[in-house]
Amino acid sequence: MNSKDNEVFKDLEEKYEKVRKLLEEDAKRDPETEPYRSKYLASSLLKDMKCILDKVLDDVNAECQDYLRYKAMLGAVNLNLGIIAVDTEELSTGEEHLTNCVDGLSEYSTKQECIIVTLTALNQLGILWSQRDDPKKSQAYLEKAEVLYKTYISEESNVPLEINNLFLLTDSENAHNSSSESESSLEQVHTLTLYYLAQIYSSLNDHVKAAVYCHTTLRRQLESKNFDPIDWALNAATLSQYFLEKNGYSQARHHLAAASYILDQYENEGNLSVGTEEEQEAKKEQYHHRCADVSRCWAKYSLTLLAASKERLMAGTDEDGLSNNLAEMQVSENSLASQQEVSELWFISLELSTYEEGVDTRYALVFEEARELFRHSRNWLSNAQTYYTKESHASDYVQIVQDMSQLYKNLIFFEDDKERQCRMHKRRIVLLEDVLKELNPQYYLLVCRQLWFELAETYSDMLEIKLTRVQETSDQQQQNAIQRKVHQLAEKSIANFKTFLESLKGTHSKKIPDPLGDDVMRPALIAHFYLGRLYGQLPTPDGKSKLENVKKSLECYQFLVDYCSNHPESEAQMQSELSVCCDMVKLLPLKMERLMST
Numbered sequence: 049m050n051s052k053d054n055e056v057f058k059d060l061e062e063k064y065e066k067v068r069k070l071l072e073e074d075a076k077r078d079p080e081t082e083p084y085r086s087k088y089l090a091s092s093l094l095k096d097m098k099c100i101l102d103k104v105l106d107d108v109n110a111e112c113q114d115y116l117r118y119k120a121m122l123g124a125v126n127l128n129l130g131i132i133a134v135d136t137e138e139l140s141t142g143e144e145h146l147t148n149c150v151d152g153l154s155e156y157s158t159k160q161e162c163i164i165v166t167l168t169a170l171n172q173l174g175i176l177w178s179q180r181d182d183p184k185k186s187q188a189y190l191e192k193a194e195v196l197y198k199t200y201i202s203e204e205s206n207v208p209l210e211i212n213n214l215f216l217l218t219d220s221e222n223a224h225n226s227s228s229e230s231e232s233s234l235e236q237v238h239t240l241t242l243y244y245l246a247q248i249y250s251s252l253n254d255h256v257k258a259a260v261y262c263h264t265t266l267r268r269q270l271e272s273k274n275f276d277p278i279d280w281a282l283n284a285a286t287l288s289q290y291f292l293e294k295n296g297y298s299q300a301r302h303h304l305a306a307a308s309y310i311l312d313q314y315e316n317e318g319n320l321s322v323g324t325e326e327e328q329e330a331k332k333e334q335y336h337h338r339c340a341d342v343s344r345c346w347a348k349y350s351l352t353l354l355a356a357s358k359e360r361l362m363a364g365t366d367e368d369g370l371s372n373n374l375a376e377m378q379v380s381e382n383s384l385a386s387q388q389e390v391s392e393l394w395f396i397s398l399e400l401s402t403y404e405e406g407v408d409t410r411y412a413l414v415f416e417e418a419r420e421l422f423r424h425s426r427n428w429l430s431n432a433q434t435y436y437t438k439e440s441h442a443s444d445y446v447q448i449v450q451d452m453s454q455l456y457k458n459l460i461f462f463e464d465d466k467e468r469q470c471r472m473h474k475r476r477i478v479l480l481e482d483v484l485k486e487l488n489p490q491y492y493l494l495v496c497r498q499l500w501f502e503l504a505e506t507y508s509d510m511l512e513i514k515l516t517r518v519q520e521t522s523d524q525q526q527q528n529a530i531q532r533k534v535h536q537l538a539e540k541s542i543a544n545f546k547t548f549l550e551s552l553k554g555t556h557s558k559k560i561p562d563p564l565g566d567d568v569m570r571p572a573l574i575a576h577f578y579l580g581r582l583y584g585q586l587p588t589p590d591g592k593s594k595l596e597n598v599k600k601s602l603e604c605y606q607f608l609v610d611y612c613s614n615h616p617e618s619e620a621q622m623q624s625e626l627s628v629c630c631d632m633v634k635l636l637p638l639k640m641e642r643l644m645s646t
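Position one of the sequence shown corresponds to residue 49 (the working numbering), numbered consecutively onward.
Rather than coming from a laboratory, the hints here were simulated on the basis of the structure. Cβ coordinates follow ideal geometry from the N, Cα and C atoms, glycine included. Watch out, some of these pointers could steer you wrong.
List of simulated lysine-lysine pairs, DSS-like, C-alpha gap at most 27 angstroms [unchecked claim]: (1) Lys-540 <-> Lys-594; (2) Lys-594 <-> Lys-634; (3) Lys-540 <-> Lys-514; (4) Lys-559 <-> Lys-599; (5) Lys-540 <-> Lys-599; (6) Lys-592 <-> Lys-639; (7) Lys-533 <-> Lys-485; (8) Lys-358 <-> Lys-466; (9) Lys-63 <-> Lys-76; (10) Lys-514 <-> Lys-358; (11) Lys-540 <-> Lys-600; (12) Lys-558 <-> Lys-485.
Derived DEER-like restraints, expressed as beta-carbon distance ranges [unchecked claim]: (13) Asp-567 <-> Asp-631: 26 to 32 angstroms; (14) Lys-559 <-> Pro-79: 50 to 56 angstroms; (15) Ala-188 <-> Thr-141: 19 to 25 angstroms; (16) Thr-199 <-> Lys-76: 34 to 40 angstroms; (17) Gln-623 <-> Thr-147: 52 to 58 angstroms; (18) Thr-199 <-> Glu-439: 55 to 61 angstroms; (19) Ala-188 <-> Asp-567: 34 to 40 angstroms.
Model the full assembly from the supplied sequences, consistent with the hints where possible.
Shown next, in the form of structure tokens:
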């Protein structure tokens, strides 16, 4: 390199160092009135650098030793200009710079000087088109980056050059950083490509492929040891919830075990005791918060498996009719994921047997198996409640209570003893009523509606058990006692359903909206269906009271029939209930006539 080239490199190095300082340090201190001040200053310097490099490249022959270095530097300048433009909401300008970067290096993209610059630019173009709500175009850029990375790995033996090191005044000792650091930078860029692809496939509704990319991202982060343990654990636990939706209980358990392992490792390594007192408190808060979130994911795992076991038995599915392992399932034709990719969703570098043992992945067939799932989920919910208290996180606390109620509801299915079924229903009622007392409907209306509805259903379920007992006993005194209990349960169920329906009424009209919103249509109609049945089940002392209850029952059934008649689109969601209601609106008037004639 001659003295003139040396001067050019020195000038570029100094300018780039100023750009880095502006972007990495000064930008954090920009005033609110000028949020992009440092970025604009950096952009101005980069434009100066672009002019210098354009001139140099005009004068340099492609055979020159430093030609590729200059090309890569120009690509890096265009890359930074593009990123700044996107950050400052100038998307078209950003696209132009990023495209110039990729196009300018296309002939040399797999060279050691250019690979990281090109991959980063392709990633940025993927992000840009995602922001423009064009996931297909984003996918094209990101998949191009994925293919380019694989090509470089298979064909190029030279160590890639980091972007920042392009601008270090040459000698190879300074310019080429250590092999491990360079390869680490390349791997980090590729991991980001996979992460972005996961988001894109999710937006394209190919959730299997998205899950594969999410898992691969997590696995690569583990292998590189370059990740935030708290974020990693939360992401692994979140991914487990997708596997749950697909009945992939083996994969879900594995990812939850990995999340717990990483969190335990983080604490055991003493990370919570590092830093100032304020920093330690912040770390502990974040740690306990995310531990609670992972606990809730574990709880949801067992609750979901318990509920699926119940549904499976109700449907009469054979024992081997459903797999609990995604690897054994046929990948949908609509997914671009391969069967091999789906079979490799494991963290083989982690020893997780301690965390997986004792947590079943099989569907429960008998009460004892269901009870184990129940206990596992309840324990994790109790753990979560140490962080999500009703005083500090009311909404989350209520959701945990609702999950506990659902645990009892699903376990009841496996219990044959009627008295024990009733005791479990009572526990549900205590849980729900206790939390309902603490909530002001003015601020928690949606949650209160859910609780009123669930309480009404629970009282109704208990009532059905009691009615069975009336039929099973011939002792008149015992029958009378049960009938009194039936009356109490019916009234409480009716009261909660009516409170739920009252909450739907308009402030001024005092009427139920017509049409009902999509989120409340089915619950509102189901409430009328239940009320029609409950009024018919209410024990009455005389014919007059009986007639009054039959009238109320008819009104409730008629409401559902009329609503579905006026809104045919609702029929699909109410088919079985509508059929019963149509029969009842024909039969109940005849029953009323008989009652009036006696």
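So does Ala-188 sit 34 to 40 angstroms from Asp-567, Cβ to Cβ? 37 angstroms, holds
Verify the proposed pairing of Lys-540 with Lys-514, using a straight-line Cα cut of 27 angstroms. 14 angstroms, holds
Note whether the CB distance of Thr-199 and Lys-76 lies within 34 to 40 angstroms or breaks it. The hint (34 to 40 angstroms, Cβ to Cβ) holds, given that Thr-199 and Lys-76 are roughly 37 angstroms apart.
Are the Cα positions of Lys-594 and Lys-634 separated by 27 angstroms at most? Holds, because 18 angstroms separates the two Cα atoms, which is no more than 27 angstroms.
Straight-line alpha-carbon gap Lys-558 to Lys-485, limit 27 angstroms: Judged against 27 angstroms, a Cα distance of about 24 angstroms means the pair holds.
Is the hinted pair Lys-592 and Lys-639 satisfied, with a Cα-Cα distance of at most 27 angstroms? Judged against 27 angstroms, a Cα distance of about 13 angstroms means the pair holds.
In this structure, is the beta-carbon distance linking Asp-567 and Asp-631 contained in 26 to 32 angstroms? 29 angstroms, holds
Just to be careful, I want the Cα atoms of Lys-514 and Lys-358 compared with a cutoff of 27 angstroms; is the pair within it? The hint holds at about 22 angstroms.
Is the hinted pair Lys-540 and Lys-594 satisfied, with a Cα-Cα distance of at most 27 angstroms? 18 angstroms, holds
Taken at face value, is the distance from the CA of Lys-600 to the CA of Lys-540 at most 27 angstroms? 16 angstroms, holds
Ala-188 versus Thr-141 beta-carbon gap, inside 19 to 25 angstroms or not: 21 angstroms, holds
When you check the alpha-carbon spacing of Lys-358 and Lys-466, does it fall within 27 angstroms? Satisfied, since the Cα-Cα distance of roughly 17 angstroms is no more than 27 angstroms.
Of the numbered hints given earlier, the model fails none.
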